[in-house]
Structures are given as structure tokens and as C-alpha cells.
Amino acid sequence: MAVDIGFILSQALSPFNLLLAVAGVVLGTVIGALPGLSATMAIAVLVPFTFAMEPASGLIMLGAIYTGAIYGGAYAAILVNTPGTPSAIATTFDGYPMAKRGDGDLAITLATLASVFGGLVGAVLLIAFAPLLADIALAFQSSEYFWLAILGLTLIASLSSGNVLKGLIGGAFGLTLSMIGVAVIGGDLRFTFGVPALLGGIDIVAALIGLYCIPVLIDMVARPDRHLEPSPLQRGFRIFEALGICAANLFNLVRSSLIGTLVGILPGAGGSIASLVSYSEARRASRHPERFGTGEAGGVLATESANNATVGGGFIPTLVLGIPGTPPDAVILGALLVQGIRTGPELFSQQSGIVYVFMAGLVIATLLMLPLGLVIGRYAYRFIANTPKAMLVPAVAFMTVVGSFAIHSNPHDVAVMVAIGIFGWLIGLAGYGPSPIVLGLVLGQIAEQGFMRAYMIGGARGNFSGQLLLDRPISLGIFALILITLCVPLVKRLRAGRAAAGGKGGEARP
Amino acid sequence: MNGEQGNRDVAGFAGSLFFLCTGLFVFFESLTLSPLAAAFPRTIGATLAGLALLQAAASLTGRSGGTMETGAAAGRHADGLGRKLTMIATMVGWALLFPLVGMFVTSLAACLILMATGLFERVSRGRLAAYLAGVTAMVAAFYLLMSHVLNIPLPRGALF
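Going down the list, the sequences are from chains A and B.
Under UniProt numbering, the first sequence has 481 at position 481, and the numbering climbs by one with no breaks.
Under UniProt numbering, the second sequence has 109 at position 109, and the numbering climbs by one with no breaks.
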């Protein structure tokens, strides 16, 4: 397959396309940072404008918005403890504690560098191995998707250090919330209590905004201290400090980016699982796992490199198989079809020119994130850190209301957001965190579809458990990972208990 | 209010009871559904109830832990109860009234209440005027952005 690299670069680097990429990254970053305004919405709103453009230009702009929006999710996660997108959930674990102690500028710079690194790895793998990697998406069947969703939930439960059980309960409750509405298979109405507004189920973004934003707001008005500590010195972008940390975490960055790309390939799994798996791996491999969750730079690097790597990974099934991995991929797939581009295995041979220009545009947009993200991030941190609570509280509250209304232009989403938010605050008092619930809600439909398909296939064969567990090696592998994820904290706790008991026994001896 | 009394996690126990009831409700409600729609809720309901039962036992025997997440919800519960309740009441009122009264008016009123809730010390008249102007400008700017740029049909209600 001959590819004219000169032609591709000249197309992608034309001044007009560069301008579109800059505008796309800035728009995407700002929109991704606002809770409720998602990459999908930004792309969907702007798709009609791209129809009047050359196909390559339009696609470059859409790709840039998508890349920027995934990155922008980190801002809200770090500065307001609210993930702008589900893929930034794990970024709150260490990003917000860093900002809280006055290292928000460093956290933003690290998130920017990690996002660029992950985005580049994902884009390069997309360019180099797209058809080959698409086979991975095809290798996953219904039972694997079920186990993958359960793996995501057990991972986040195991990250709730000190209480895996509460994490698992939160995950199971999230799965329960995902069942509200019309059943995925069977079509029954479930748990709607006769309320018409619940027929469509609970919107993930409304729940995400409620569970994260409302407790933050309630906490903000309770105490007079600053929301974030401003940086004590004028330390600029802290780029060299961040580069040093990146160099020390190079293996973490590479591993997380590869995980992000591979998980991103799986339709529906996306950034939330990728960032959690990467975070979990980073913590497991760290010499100081106890620092994770208290503002450890390695945690921010792992999650942000992974979730931006899913952008390139997600385009692999979209372009090669015509199966969109995420909602933004679906919108971009629609734009591709309108432009007369037919996705599928022949795409790379028959319309390679435009596809490679699009991919090159993705690389350029990712690179543009570095200067643009650093500048936007620096001012965003200063702005949030220096804004008095009397202004910050109404601003965040207004964005939560407008953002959740904007999802479907439906007032019920706002009511659901507020109700779930207050519920999240109440169960927070009992030590239940929001992340397992949100992830359960995100993964609920994937889990149920996978479970039910395996149930039906297994039922037809008269061997449900065999179909679900034993038929396929990938299922077995993921199941083994789930067991390891659940057992390792238990074993550690037992060992620690024994060591403590041994110590006490030793002290007691004369 | 964290509920730690001695080694017992009372708040954790109350939370476990809620999840236990939810799990049992989901399980028994699934008995009224068709077999295909019931299989997953039945499994998850039973799992939730089982896990909650274990957690309830752990909470009572002092083997319950906290969570890793350092967000707003964990800890620091006793401070500013009045402000917290004001915030909750404002958000609930906002969510219920904006389709009836109108997005702009409700949002402006709610934001002004929240601005007052976020004030912890006496401020000069000039600063107060600046805050009021800032909040009004923010609401107006976002309203225009949503309704005119993003073409989201914001409810106009009885007022605006």
C-alpha cells in the first residue's frame, strides 16, 4: 500500500487546516472542562458546519475537538474534583489532592504532557497497525464484554483502599441504577415506579455531574477556607519539573498509553476502564503505592495518558470495521459517511488519502494540545484558585444545572442530577465514594448485554456457566484478573494483620 | 457524623442497610418481570444484598474501613450545616422551578442565594456590587451561549 506522505502532510499542514485544528483543540478543551458539555455534544453541534468544508478539513476539526475534549475533562477533575467526562474519573484521585495542596499548576502540566504522550501513542498505533489491531475488537464476544465490565468495577472497588466491599457495593448499586427504564433485552419496564421521566433510564452524564458536583458544592459552602491553595510562588508552567517526573515515569506512561489504546479498541469500554486499569497498574508497580490517592504524580500521568490514547484506539474499530467505539466516534462515523467515505476493511486501500490526512490531523491536534493546554491550564488554575467562593459556588452550580439540562433539553435530567447528587453526599457520609456508582452506571448496559447474550447462547446449549466462563480463553483470562484484583488486597490485609499480631506477640514476650 | 463510635461504623451500617433493602427490592421486583428482563436484575440484586449484608456485619464488628477518595463527601461533616442545607434547598428549588418560572429568572435567583451562601465575611459595598454584577453577567452570558450559540431550547416558563 503506497502512501504519499508528502501529499498527506501538505494537506494536513495547510494554514486553513492548522487553524481549524487550533480552533478545534481550544473549543474541545473548554467544552470538555465544563461538566455536562461533552465531546459528543461539541462534535454533534459542529458537524453541520463541516459539511461545507473539504472532507479532510472537516474531519481534522472534528478530530481536534474530540482530542481536546477528552483532555479538557482533566481540568474539572483536577481543579473542581469533578471529572468532565467518565474517562477522567481516576484523574480526581490524585489530581485534586495535588491542586488542594497548591500543586494544581504542576498537575495540569503533567496532565497535558501525559495527554499528549498518550494521544500520540494512540494515533501512531492507529496509523501503523489499524487493520491488525481491529482483530482484537472482533476477538471480544458477549461474555468477554460482561467480564470486562465486571473487571472495571472490581478495579475501582480495589482502588477504594481500606474497603473493597464498599467499592463493590457502590459498583453493584451503579449497575442497579443502569437497569432503570426499558430493559435492554426483553423490553420490560423496570424500576420506574410509574414515573414517565424514568422510562429512558438515568442519564450517565446527569448522574456523573450530580454525584461529583453536588457534594463538592455542599462542601464548598460549609467552610470558609479556599477551595484550592494558590501556588505559593510564581513558578510558571513548571514544565521542567513535570518533564523530570515524566522521565522518571516513562515506563508508566508507555504502559498506560498502550493499555489505553488496547482498551479503546473495544467498542463501549472506552476511556473509563482504560484509565482505571492504567491507574491500578501504576499503583501496583509503584515503589510507593501508599502515596496513590494523596496527590501522586504517577496517578495523574497514568490516567491521562490512558484516556487520551483511547482516542486513537477508538478510531480503529470505527474506521476499519465501521463499529464506533464511543458516542463521539459514532458522530464522526456519521460525518465520514456524509462525506462519502465508506468505512470498512477496504477504506485503507480505496480512500487512503483522506483517511491518512485525518490521522495526520489527529497527530497535529495532539501536538497542538501541548502549548494550548499549558496556556489554558495555567490560567484556569489561577482563575479557580483565586476566585472567591461567593463567585465560584454559583458558577459551578449554574454549570451543573445548565449542563445536565443540555444533555437532552429535559428538565427531568436536572431533577435526577440534583437527587443523585444529594444521595451521593449522604452516602459519602457513610464512606461510599461516587466513582464505583458512576462506573457501574457507565458499564451497566455493556455488562447486561454481554451477560444476557451469553445467558441466551448458554441456555440454547444447555450450558450457561460454561458459555459464560469456560468456553473462551479471553473470558478465563479476564476472570482470573478479576480474582487477582479482589484477592490481592485481601492477602495484603491478612499479611499486615499477621505481621501486626506477630509484632505484638513479640513485644509481649519477656 | 462519620458514624465511628469506638470501632463500630454506624454510618457505614446505615448505608449497608439501605443497600441491603435496595438489593432485596431489586431481587423480589425482578420476580414480576419476564425471564429475559429479570435475569440480570435478579443476579445483581442478590449480589448487592449479599455484599451489603457482609458490609453490615463488618461495620458492626469494627472491620469496616473508609474510602480512598478524598472528595468532598468523606469527612468534615459537622461544619456549616445551615449553609449546607441552604445549598441543598436552593438546588432542589432550582431544579423543580426552572421549567415553570423560566431558566433565566430561576437561575439568577438561585445564583444570588448561592453567592450569599458563599460569603463568609463582611464585604464592602463596592465588592458586593461587583459580585452581584459578576453573577448576573455570568448567568446572562451562559444563558446566551446555551440558547443562541448552542441552540439549546432553555425553558422560558411564566417569567423568562
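No lab work stands behind these hints, which were simulated from the structure alone.
We put the CB at the ideal spot given by N, CA and C, even for glycine.
Do not take every clue at face value.
Here are some, though not all, of the chain B residues that point toward chain A, as calculated from beta-carbon distances under 10 angstroms [what the hints assert, rightly or not]:
(1) G12
(2) A38
(3) R83
(4) V105
(5) L112
(6) L159
(7) F160
One side of the interface only, derived from the structure: several residues of chain B facing chain A at Cβ under 7 angstroms [claimed, not checked]:
(8) L51
(9) S107
(10) L108
- Task: May I ask you to test the interface hint for S107 (chain B) with respect to chain A, counting a Cβ-Cβ separation under 7 angstroms as satisfied?
- Result: Check passed: Cβ of S107 (chain B) comes within 6 angstroms of chain A, closer than 7 angstroms.
- Message: Is the interface hint satisfied for L108 (chain B)? The criterion is a beta-carbon contact with chain A at less than 7 angstroms.
- Response: Hint on L108 (chain B): violated, closest Cβ of chain A at ~9 angstroms, above 7 angstroms.
- Message: Quick check on F160 (chain B) please, does its C-beta sit within 10 angstroms of some C-beta on chain A?
- Response: Violated, because the Cβ-Cβ distance from F160 (chain B) to chain A comes to roughly 15 angstroms (cut-off 10 angstroms).
- Go through the hint on L51 (chain B) and say holds or violated, using the shortest Cβ distance to chain A against 7 angstroms. holds, 5 angstroms
- Task: Return the status of the interface hint for R83 (chain B): holds when the least beta-carbon distance to chain A is below 10 angstroms, violated otherwise.
- Result: For R83 (chain B), the interface hint holds, since the closest Cβ of chain A sits about 4 angstroms away, which is under 10 angstroms.
- Message: So, as I understand it, the hint says L112 (chain B) touches chain A; can you test that by seeing if any CB pair is closer than 10 angstroms?
- Response: holds, 8 angstroms
- Task: May I ask you to test the interface hint for V105 (chain B) with respect to chain A, counting a Cβ-Cβ separation under 10 angstroms as satisfied?
- Result: This interface hint is violated because 13 angstroms lies over the 10 angstroms limit.
- Task: So, L159 (chain B) near chain A? Judge it on the closest CB pair being under 10 angstroms.
- Result: This interface hint is violated because 16 angstroms lies over the 10 angstroms limit.
- Given hint G12 (chain B) near chain A, where the shortest CB pair must fall under 10 angstroms: holds, 5 angstroms
- Message: Would the hint on A38 (chain B) be counted as holding, given a Cβ-Cβ threshold of 10 angstroms to chain A?
- Response: holds, 8 angstroms
Checked against the numbered hints above, the structure violates hints 4, 6, 7, 10; every other hint is satisfied.
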